[in-house]
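Participant: Chain by chain, the residues run as shown.
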Amino acid sequence: MTMNENNEKELQVTALKNGTVIDHIPSEYLFKVVFLLQLERVNNQITIGNNLNSKLMGSKGIIKVSDRYFSEEELSRIALIAPSAKINIIKDFEVIEKKVLSLPDSFSGIVKCPNPKCITNNEPMKNRFEVISKNPIVLKCPYCEKEIQQENIQLL
Amino acid sequence: MSSKSIVSITDYSKDQILNILDSASTFEAKPNQTILNGKIAATLFFEPSTRTRLSFETAVNRLGGRVIGFSDASTSSSVKGETLNDTIKMVSNYADIIIMRHHLEGAARYASEVSSVPIINAGDGSNQHPSQTMLDLYSIRKTQGKLDGIKIAMVGDLKYGRTVHSLLIALSNFSPSFYFIAPDELRMPEEYKLFCKSKGITYKELTEFDTNVINEVDILYMTRVQKERFTDIMEYEKVKNVYTLRNAMLDHSKENLRVLHPLPRVNEIDMDVDFNPKAYYFKQAQNGLYVRQAMICNALGLI
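First to last, the protein sequences are chains A and B. Count along the first sequence from 1, add 59, and you get the number used in the numbering used here. Count along the second sequence from 1, add 38, and you get the number used in the numbering used here.
So here's chain A without its partners, still in its complex pose:
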């Protein structure tokens, strides 16, 4: 094992007594995940790593948050942009649960309908989306009835 691989392994397994590790985030989405979870507003200890070597994905990002566990609703937001991310729940330095992200069948907020003539972008109202395909992600706005492909998803 080279020095680098040793270091990376160390980084992934050390230092979190209790909390959540979000691993295998595509590097380009790391800061979007930080934003979606509103981590800039929490006072817990947070370690963020990006552009780490990954056998699986080439390059990845990782977020560790101490003493914090996320709700299913919060995690489903991540599924929208980084469905491959893995969630590890840590207690007393042990991984006690691994969660696979999955999109709900429908949700409100988080993203914006890309159609400027859609009522949801012109009326003070709560929007809503139906998930019509999970891989690749395809959403549908039930108001203007337009389908939204993964590459056109705009976060609110």
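Bear in mind the hints are in silico, worked out from the structure with no lab data behind them. The C-beta atom is built at its ideal place from N, Cα and C for all residues, glycine as well. Mixed in with the good hints, there may be bad ones.
Okay, the calculated bits of chain A under chain B, using three or more residues with CB under 8 Å as the criterion [said to hold, decoys possible]: (1) 115 to 129; (2) 170 to 180; (3) 203 to 215.
Add chain B to chain A, keeping to what the hints say.
Facilitator: Just chain B now, kept in the frame of chain A:
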């Protein structure tokens, strides 16, 4: 039957579509009735459309109902900045049913969620216009004696034309075969072709509009090619007369062929076609009255 809003043709199953068409035939047989006595319909036209509004208002009046409303948003509170939510909540206190047209897509769906009375969508931007689709289906069934297995050519603006998209989706319940005839700039969008493939519906895409196709089909559905849809005006000048139907082009068409058009027509159908018994577009518009009578009564749970 309970009352419910009519927002999009995509909400309707084959049986529900056929039910509405069946009641429309009973209204065609007897258009003046008293079934809406004591009922008030509000026609809220945030975007003007004289033809559609008059058809809906006639439908209500011929069934004994009364109409309130506005035909231009500049005479409503929306110019003062009132939200759609507030306008709908206010009007649903007064009327038994709301018939609305709005320039924003999804406006009718949203209205149906905040209204205490049924909403009928009379057009929401380029999204849906279910009464147009119903009257197209009604006209096809009436002239062909059936809806199943119809060969239909859609001609003109297939990219932006919401009537052809909704008609395609509604007809997908009835094993049609399609010919999509349009200039390159206005071709049928990919999502509708994928939809046809997923349903096992055959279609042919053509840029030539000629008698080869006309002689094959049962229905010729013409639409307007609008100048403002073209990024390149030279392109428009090239194609504007290519998609025009002339009377002589119908000489060897099938006996049962009928020409439909959602109207208003500009120059895509020559005036001389009007006298051909195969021209059906004015009768098609008249059918709109019976279909709208059926839709209003269906939404109110009266049939």
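Participant: Now look at each hint and say whether the structure bears it out.
Facilitator: Here's how the hints hold up against the structure:
{"no.": "1", "hint": "115 to 129", "result": "violated (count 0)"}
{"no.": "2", "hint": "170 to 180", "result": "holds (count 5)"}
{"no.": "3", "hint": "203 to 215", "result": "holds (count 4)"}
Comparing the model with each earlier hint shows a violation of hint 1 alone; every other hint is respected.
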